Every structure is written in C-alpha cells, then in structure tokens.
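Peer 1: Here's the letter readout for the chains.
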Amino acid sequence: MLWTIQRQFESDPFYQMRGLQREMNRLFDNTVTGGSFPAVNVWSNEENIILCAEIPGLEEKDINITVLDDKLTLEGEKKAEPLKDDTVCLRKERGEGKFARSFKLPYNVDSEKVSAKYQSGVLTVTLPRSETSKPKKIAVSAQ
Amino acid sequence: MNKSDKSEIVSSNIDKAIFNPLADIYEEKDSVILLAEMPGVNEKNIDISVENNVLTITGIQDEEDFKGYELMHRSYNTGIYKRSFSMAGDIDSSNINAKISNGILRIVLPKMEKAKPKKITVQAEN
Numbered sequence: 001m002l003w004t005i006q007r008q009f010e011s012d013p014f015y016q017m018r019g020l021q022r023e024m025n026r027l028f029d030n031t032v033t034g035g036s037f038p039a040v041n042v043w044s045n046e047e048n049i050i051l052c053a054e055i056p057g058l059e060e061k062d063i064n065i066t067v068l069d070d071k072l073t074l075e076g077e078k079k080a081e082p083l084k085d086d087t088v089c090l091r092k093e094r095g096e097g098k099f100a101r102s103f104k105l106p107y108n109v110d111s112e113k114v115s116a117k118y119q120s121g122v123l124t125v126t127l128p129r130s131e132t133s134k135p136k137k138i139a140v141s142a143q
Numbered sequence: 001m002n003k004s005d006k007s008e009i010v011s012s013n014i015d016k017a018i019f020n021p022l023a024d025i026y027e028e029k030d031s032v033i034l035l036a037e038m039p040g041v042n043e044k045n046i047d048i049s050v051e052n053n054v055l056t057i058t059g060i061q062d063e064e065d066f067k068g069y070e071l072m073h074r075s076y077n078t079g080i081y082k083r084s085f086s087m088a089g090d091i092d093s094s095n096i097n098a099k100i101s102n103g104i105l106r107i108v109l110p111k112m113e114k115a116k117p118k119k120i121t122v123q124a125e126n
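In order, the protein sequences belong to chains E and F. Letter by letter, the first sequence follows residues 1 to 143 of my numbering. Letter by letter, the second sequence follows residues 1 to 126 of my numbering.
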C-alpha cells in the first residue's frame, strides 16, 4: 500500500514531540558544546551545492576533500603552535588535532568538477550536480 | 586607512552579531604572543587599538552571500569578532606587531627593556 509521508507523521502522536526534542538538542549542540568541527554552512540550488567551513589556521595542502556520489568528507589537521623551550603558556583556548567530518548531500555530485578554495581560514567547496541526478521532465501526451 | 575610518566601519555594522574570538597567549623571553582565531576576516577589516593598557582587537567577517542559492544548513553565523585584553604594564605598546594569515591573527607584544630579565654575571675576586 502506498502511504504518503505526511499521513505517517500525522498518525504518530509523538512525532511532534520528537521533533521538538531534536530541535532542542540541535540548539544546545551548536551553542553550549560547540558542535561538530568544522562548523559549516550549506547553500544549494538545482545545479550546485556550496559548502563553507570555518577552519582557521591550516594550509591549503593540509585539507583533504573526498567526494563519492552524494558523500563529501573533509579531513585535516590543526597543528599546534611550535613553541620554544622557554615559552610559557598563559592561556590556551584554541583546539588542535586531526578532524574529519562527512556530509550526505541532497543529490549526487560530479566529483570531477568539484572545486574548493581556502581563504582567510574559510574553506568554500562548490559541488556541481551530476547530470544523471538532475530531474527529468516527462511530457504527458494526450491520446 | 586611519583609525577614525575603522571605527566608522564598526559603527556602520552595528546590527551584526559580536563574537569572542578564541585566543592563545604565550610568553617568551622578550615578548608576549597573542593568537586569535578570526576565520573569514580580511586583513583590511581588522582594527587593533591600545588604550590605557587595554588591547582591543576587532575583526569584521566577510559576509557569505551566494546569489540564487538557498541556505540549507547553518552552523555558524558571520559578524564581528571583538575582544579586549588588559596588558601588564611592561609591554612596549608603541612596537606592537600584528599580522593575519589563514584566519589566525598573530600579535607580538614586545616587552619593555626594563622588563626583560637581565643576567648578572658574578666575577670571582682573586
């Protein structure tokens, strides 16, 4: 039997409550604990996805981007500040170490055409939609 | 660009969110080094000022605006990074050096001559 997704949600009395819980968790994830690293903003339209990530203090060559179908992975390492022997650390808030974060994209992208730039500590990845995943219009002919 | 121009930039961006940049502070023999994370800030949009031994750093982030795109997910906002640090009296505020690369602002605050540790050699008397 074909159920519409909307119907399923309506029939579950706890659906709304779970949604609220999810929203609350998301709220605290981002503000209290800092959330996943790196923080990203994602923009999209029918043709492309643009993903921006705040990763200060890396070199271009230290960022690895892998794309397969609709999965994008960002990897890299934030290196610690090289210190001399007699340096005293008075305050340390910045994090360091390896990171990796994967994303599932709303459609398959053409991995050959993906481009990325790193400027002022912000990584911008542009992912063009693959031709095969583009929606096709089907004309209905009258008989 | 002189200082008054910069404060105009800040006041014209008054509706933007203000964030505290994460910072590391290290002390070396001759200087104190301050590192602050300011991703998305261009070197033209940074203002560093010292007043009454308070060092204030301000950086305005470039806004992300993609025409014809819809925002799907946001986990950071863009705005202004601003933070003040009170300095110990032994910093030579006329020789402060700052640079930004890859979103990390690095400020070198040299210590004044008299604050540097001096080595006193003891000579043996015959």
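Certain hints may be false.
[Unchecked claim] Here are the simulated lysine-lysine pairs, DSBU-like style, with alpha carbons at most 35 Å apart:
| id | chain 1 | residue 1 | chain 2 | residue 2 |
| --- | --- | --- | --- | --- |
| 1 | F | K118 | E | K61 |
| 2 | F | K82 | F | K99 |
| 3 | E | K117 | F | K16 |
| 4 | E | K92 | F | K118 |
| 5 | F | K118 | E | K117 |
| 6 | E | K113 | E | K79 |
[To be verified] So the derived list for chain F, only partly shown, Cβ under 7 Å to chain E, looks like this:
| id | residue |
| --- | --- |
| 7 | D30 |
| 8 | F85 |
| 9 | M112 |
| 10 | E113 |
Treat the hints as calculated values from the structure; they're not laboratory data. The model shown is predicted, which means the values in this text are computed figures rather than measured ones. Positions of the beta carbon are idealized from the N, C-alpha and C atoms, including for glycine.
Peer 1: Would you mind marking each hint as holding or not holding in the structure?
Peer 2: Status of the hints after comparison with the structure:
{"no.": "1", "hint": "F:K118 <-> E:K61", "in the structure": "43 Å, violated"}
{"no.": "2", "hint": "F:K82 <-> F:K99", "in the structure": "16 Å, holds"}
{"no.": "3", "hint": "E:K117 <-> F:K16", "in the structure": "25 Å, holds"}
{"no.": "4", "hint": "E:K92 <-> F:K118", "in the structure": "28 Å, holds"}
{"no.": "5", "hint": "F:K118 <-> E:K117", "in the structure": "48 Å, violated"}
{"no.": "6", "hint": "E:K113 <-> E:K79", "in the structure": "29 Å, holds"}
{"no.": "7", "hint": "D30", "in the structure": "10 Å, violated"}
{"no.": "8", "hint": "F85", "in the structure": "9 Å, violated"}
{"no.": "9", "hint": "M112", "in the structure": "18 Å, violated"}
{"no.": "10", "hint": "E113", "in the structure": "19 Å, violated"}
Consistency with the previously given hints fails for numbers 1, 5, 7, 8, 9 and 10, ordered from lowest to highest.
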